[in-house]
Amino acid sequence: MMDEIASHIIDIVANSLAAHAHNITIAIEKDSARSLLILNIKDDGIGMDNEMTQKVQDPFFSTKTGRKVGLGIPLLKGTAETTGGSFFLTSEPGKGTEIRVLFHTSHPDLPPLGNIKDTILVLIVANPDVDFLFTYTDNGKQFVIDTKEIKELLGGVPINHPEVISFLTKYLDEHL
Amino acid sequence: MNLEELKKIREKAQKDVELRQKQARIRVVVGMGTSGIAAGAREVLKTFVEEVGRRNLTDVLVTQTGEKGLASREPMVEIFEEGKPVVVYGNMDPEKTKRVVVEHIVNGNPVSEYVVEVM
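Respectively, the protein sequence lines represent chains A and B. Quick note: the first sequence uses the working numbering, first residue 1, plus one each step. Quick note: the second sequence uses the working numbering, first residue 177, plus one each step.
So that you can see chain A by itself, here it is in the shape it has in the complex (with noise of 0.2 Å):
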């Protein structure tokens, strides 16, 4: 079901959102030396204290009766464990949480990276208020996009406006 990685980060990020995150930085790391894909994700949301941290990580439980995080963390975190790789969740309540996974790239079970420009695409411009961080590093080789930037180049001018929506859209396709 949760097939793409790219997936994964967009439902880690609907967690971040639910706890009125104001800023995201999602970074993905390709590490060919090490076999490794490592994933991490980091927002300034309401965070979780020890108890509630450990309790999103168990798939019998779920905070669905206030439909606030869904089964998004342990499909997440069996992902990782299954290609031998790792999961670490770090939260504090009022200063947010951060998501860090390790993947091992040549375990036969490593789910696709998936669609990336889209998800980083769409997660910017639905989420207007937010800013977003973005780094994706291939071997050493960086790519950055930085929201906050591109509003202070933008103006006034909203970061969803059709024609941002369309230089987003070319520029994630050739730069990524």
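Simulated from the structure, these hints should not be mistaken for lab results. Small disclaimer: the values here were computed from a predicted structure and weren't measured. The reader is advised that the hints may include incorrect statements.
Derived coverage of chain B by chain A (criterion: at least 3 residues anywhere in the stretch with Cβ under 8 Å from a Cβ of chain A; other residues may be distant) [unchecked claim]: (1) 181-188; (2) 203-214; (3) 262-272.
All C-beta atoms in this analysis are idealised placements derived from N, C-alpha and C, irrespective of residue type, glycine included.
Knowing the structure of chain A, use the given hints to seat chain B on it.
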């Protein structure tokens, strides 16, 4: 293509921004919870975003929300339009999305086959 081009867009778009800030005519909200994403909500959201860019729909806002609570009908989309009932579409995909953009958003006729609820 570099970020400096955004400055050109800024000059060009400033005028219709003033119009748009008054009130978007239509707001499109795509459910992006776990079940929505698994059912293909990202592709639906991408298609809306792409069509808004391509057709230069300056009075349409596309946003995302969490779980809609009706997993069997995901991906779900709500269309909010001033003075009209909210139209909820279910089991959406990129092709259906294109039809909703043309028939509902551009021409004002909801696509009844895909409607799951009118609120």
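Here is what the structure says about each hint:
no., hint, in the structure
1, 181-188, "holds (count 6)"
2, 203-214, "holds (count 7)"
3, 262-272, "violated (count 0)"
This entry does not satisfy hint 3, going by the numbered hints stated previously; all others are met.
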